[in-house]
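There are 2 protein chains.
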Amino acid sequence: MEKEDNFGDWYLDIVEKANLSDKRYPVKGMNVWTPYGWKAMSNIDGFIRKELDATGHDEVCFPLMIPETEFKKEKEHIKGFDSEVYWVTHAGLNELDVKLVLRPTSETAMYPMFALWVRSHHDLPLKVYQIVNTFRYETKQTRAFMRVREIHFFESHTCHVSEEDAQRQIAEDVDILSKIARSLCLPYFLSVRTDWDKFPGAYYTIGIDTVMPNGRTLQIGSIHQYRTNFSEPYEITYEDENGEHKHVHQTTYGMSERLLGAVIGMHSDDKGLIMPPDIAPFQTVVIPIVSKDNRQQVTEAARALAAELSVCGIRTKLDDRDARPGSKYYDWEIKGVPLRLEIGGRDIENGVVTFARRDTGEKGTISLKSVAPGAELLLSMISASLREKAEMSHMSKMEEIDSPDRISEGKILKFGWCGCEECGHKFEDTYGLKILGTPYLPERYEGRCMICGKDADRTVLAARTM
Amino acid sequence: MEKEDNFGDWYLDIVEKANLSDKRYPVKGMNVWTPYGWKAMSNIDGFIRKELDATGHDEVCFPLMIPETEFKKEKEHIKGFDSEVYWVTHAGLNELDVKLVLRPTSETAMYPMFALWVRSHHDLPLKVYQIVNTFRYETKQTRAFMRVREIHFFESHTCHVSEEDAQRQIAEDVDILSKIARSLCLPYFLSVRTDWDKFPGAYYTIGIDTVMPNGRTLQIGSIHQYRTNFSEPYEITYEDENGEHKHVHQTTYGMSERLLGAVIGMHSDDKGLIMPPDIAPFQTVVIPIVSKDNRQQVTEAARALAAELSVCGIRTKLDDRDARPGSKYYDWEIKGVPLRLEIGGRDIENGVVTFARRDTGEKGTISLKSVAPGAELLLSMISASLREKAEMSHMSKMEEIDSPDRISEGKILKFGWCGCEECGHKFEDTYGLKILGTPYLPERYEGRCMICGKDADRTVLAARTM
Chain U
1 MEKEDNFGDW
11 YLDIVEKANL
21 SDKRYPVKGM
31 NVWTPYGWKA
41 MSNIDGFIRK
51 ELDATGHDEV
61 CFPLMIPETE
71 FKKEKEHIKG
81 FDSEVYWVTH
91 AGLNELDVKL
101 VLRPTSETAM
111 YPMFALWVRS
121 HHDLPLKVYQ
131 IVNTFRYETK
141 QTRAFMRVRE
151 IHFFESHTCH
161 VSEEDAQRQI
171 AEDVDILSKI
181 ARSLCLPYFL
191 SVRTDWDKFP
201 GAYYTIGIDT
211 VMPNGRTLQI
221 GSIHQYRTNF
231 SEPYEITYED
241 ENGEHKHVHQ
251 TTYGMSERLL
261 GAVIGMHSDD
271 KGLIMPPDIA
281 PFQTVVIPIV
291 SKDNRQQVTE
301 AARALAAELS
311 VCGIRTKLDD
321 RDARPGSKYY
331 DWEIKGVPLR
341 LEIGGRDIEN
351 GVVTFARRDT
361 GEKGTISLKS
371 VAPGAELLLS
381 MISASLREKA
391 EMSHMSKMEE
401 IDSPDRISEG
411 KILKFGWCGC
421 EECGHKFEDT
431 YGLKILGTPY
441 LPERYEGRCM
451 ICGKDADRTV
461 LAARTM
Chain L
1 MEKEDNFGDW
11 YLDIVEKANL
21 SDKRYPVKGM
31 NVWTPYGWKA
41 MSNIDGFIRK
51 ELDATGHDEV
61 CFPLMIPETE
71 FKKEKEHIKG
81 FDSEVYWVTH
91 AGLNELDVKL
101 VLRPTSETAM
111 YPMFALWVRS
121 HHDLPLKVYQ
131 IVNTFRYETK
141 QTRAFMRVRE
151 IHFFESHTCH
161 VSEEDAQRQI
171 AEDVDILSKI
181 ARSLCLPYFL
191 SVRTDWDKFP
201 GAYYTIGIDT
211 VMPNGRTLQI
221 GSIHQYRTNF
231 SEPYEITYED
241 ENGEHKHVHQ
251 TTYGMSERLL
261 GAVIGMHSDD
271 KGLIMPPDIA
281 PFQTVVIPIV
291 SKDNRQQVTE
301 AARALAAELS
311 VCGIRTKLDD
321 RDARPGSKYY
331 DWEIKGVPLR
341 LEIGGRDIEN
351 GVVTFARRDT
361 GEKGTISLKS
371 VAPGAELLLS
381 MISASLREKA
391 EMSHMSKMEE
401 IDSPDRISEG
411 KILKFGWCGC
421 EECGHKFEDT
431 YGLKILGTPY
441 LPERYEGRCM
451 ICGKDADRTV
461 LAARTM
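Read top to bottom, the protein sequences are chains U and L. All residue numbers for the first sequence refer to my numbering, where the first residue is 1 and numbers rise by one. All residue numbers for the second sequence refer to my numbering, where the first residue is 1 and numbers rise by one.
A couple of the hints might just be wrong.
To give an idea of the chain U side of the interface with chain L (calculated C-beta under 10 Å), a few residues [what the hints assert, rightly or not]: (1) Met30; (2) Trp33; (3) Met41; (4) Glu59; (5) Pro112; (6) Met113; (7) Phe135; (8) Glu150; (9) Gly364; (10) Leu368; (11) Lys369.
Hints are computed from structural coordinates only; laboratory data are not their basis. Keep in mind it's a predicted model, so treat the numbers as computed, not measured. We put the beta carbon where it would ideally sit given N, CA and C, even for glycine.
Model the full structure from these sequences, guided by the hints.
So, in structure tokens, the structure goes:
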């Protein structure tokens, strides 16, 4: 299956061959996380946890089920989710008095508790997050990690004394995102979603999108400014320094297992996965190259090498199966292990180990004396190279246009927009592209709306989505 | 609230005061994990993960929802769970064709997949585990960590070529348990549950019980031998070396958040929690004792001390709030931080730091030059002392009796039993105690059944349960 010709089929083929997820579970769109896929996702979770902890977020875990009464308190929110939630109506042999919804996201689970937790300005900011699974009754075609019905994700929720403080939180979220994306070698761009496309209940929504090699965008997360849209119905108030009671200002930030889907789609090739070193379940695989007369010596050297790398904190797999080296290379290429180390009789004589990079295929040797720092250096070179390559691909897909005649396939288009919903819908309907929103970082623009021709003071981004 | 007088109320009071869990969530028995409680539970999960990984178990994550059709394949199993599962019947605005059950445990989610994963004896043993939340519609009075409706737990599932190999797995599980319990400073005992009390579908069940200070037992986990009871209905077969197709032999092992409940109940006192050092969210708290003229110097020394301890891998909290030391002591005693370190002007002059143990109240000084190894030594002494004290309490509650006249309150009783169900039920009904089962390690016994007086070749354990 070739990535360039048919990205969609190639993607599904790679996920299956590398055994990251098993879609044969008897409920459509609910896939089993196999050990290899779960390890990669747990490594991503680890980075998320590290960055959120470092910025003073506390990890919590809220119940999965939300009573219908709480779920329906914010009117826009329920309108947005009504058609895509799962309902628990019975327990044991009884019908429940109050139906329960499986969280599609946790605003309505958390905010009744926030109303109890927040009393005074001393309790603010409140910054919590959880890493859990969430449930959406997806009616479109499902696709591993990218569109599923049980979704692994993190959600952070914050409460602030003022809109300004909430805005500072959003700036912090953008900074956290840049660090996580760096580990994943994943370029992205931010746009403020249009009013008709924002999160149900939000004041505004920042969409976090990345572009797949087929030129389609994949939303990997979002950041929301709620103002007091939720704190009013949920009555989350605090007493300020003057004894006045005020509603808190809220934000949320969430990203899902789509991060893993994006990493696969971005970096892998026709031979299989290419795992960015920071999240690779195994960063190196050590393969002994034995002959009849040196089997024991070489196997022991390989074992010692793997042990040394592990002690130095490099996630290492020793593959000492009784199989031909070629078939081992093949297996680990599919799995996307970034660095392969081979050790044979001649390597031992020369005091070296032979390496092969998964990303470029480049081969060479490292001195056995400095094998751990050598492997670390190579891994950081691989990360840098994956990052650069992805960044180049990303940039090459950004195109600014001033006329619909110049719309080309597989590009993220930027053009002038008057800001009105009618033009937005007209554009989407005419060209089958989605309006992603206005660039997050304000850009000065003076020109005309590409759709209606009126004066425009902003640009908008549009693309085909995955 | 006093632990000795009223264990039940004391327990709930401590959980609330230490803010480990918030039971005000609007669904009864579904509590919110607050940051402090979740940190403690995550540390317990960390030990579980470490031991299971070290014994070759792979971590996976299976979907939450199980189709009714799969759920009902093993007849005993569904009979056991029919009255205590939650049913998802609707998604969006539609009624589902096949109802979905929220996992009460994951046999019926995993085994259809195992049937696909296991092909030949080369695929065995298959050893996987997951750490997830599970759901049971509990109708009894709920109690934080001990009896809840959304239960955080781990479950390991294994498949083997033979019953002997499955038995070896059970021995490994018992070994893993001993390591986890050591970290929690938690004594326990194992009994083979009676046939009328085993897990639905199991061939036999080993119950893992601990004894709370009020003399009631709390089941903290179980290990099950399934033989081929599940592999037959789920058709999990392998081809052996001779090309014959056989059913796999299966085991499971699981423990829940009751581990945390047991730790709280076992070690804490009237002042608050006492956290075993291995799982304490903060192992030490550093409190600067400032006076007017040395505020800056002492605060800086406290900060440096906390940083040094953290670098050495000791989970340390610096409490530099603007509050009286006494009120800080009080707060951290409630939270159960095992070791308090105070540093003031005189300590700095003497080159020491003053310590106070949470478990015994003992005070002393450690040289500032060797503060990290000193703190580590104290923490290991605290662990040893908690372990010993709990072990003593446990032993003091074990009593062997030969007549119902000698039944005393608050004891785990051991007595002769003929093995028949009728005697078992008669005993339970007459004395209001529960038969826990026969001791896991076979003991030679020749005597009489305490209930019917007939010859008995085994003993049985009985107690009041939490």
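Less than 10 Å between beta-carbons is the criterion; does Met30/U satisfy it with respect to chain L? holds, 4 Å
Chain L contact restraint for Met41/U - C-beta distance below 10 Å: Hint holds; Met41/U Cβ to chain L Cβ min 8 Å, cut 10 Å.
Does the nearest C-beta of chain L fall within a distance shorter than 10 Å of the C-beta of Glu59/U? With Cβ-Cβ at 6 Å, under 10 Å, it holds.
Hold the hint about Met113/U up to the distance rule: shortest CB distance to chain L must be less than 10 Å. holds, 6 Å
Hint Trp33/U vs chain L: min CB-CB distance below 10 Å? Holds, because the Cβ-Cβ distance from Trp33/U to chain L comes to roughly 4 Å (cut-off 10 Å).
How about Phe135/U: closest beta carbon in chain L under 10 Å, or not? holds, 8 Å
Taking the least C-beta to C-beta distance, is Lys369/U closer than 10 Å to chain L? violated, 29 Å
Given Glu150/U as an interface hint, is its Cβ closer than 10 Å to any Cβ of chain L? holds, 5 Å
Should the hint that Leu368/U touches chain L count as held when the rule is a Cβ pair under 10 Å? With Cβ-Cβ at 28 Å, over 10 Å, it is violated.
Hint check, Pro112/U versus chain L [nearest Cβ-Cβ separation less than 10 Å]: holds, 6 Å
Chain L contact restraint for Gly364/U - C-beta distance below 10 Å: violated, 33 Å
Violated hints for the displayed structure, listed by number in ascending order: 9, 10, 11.
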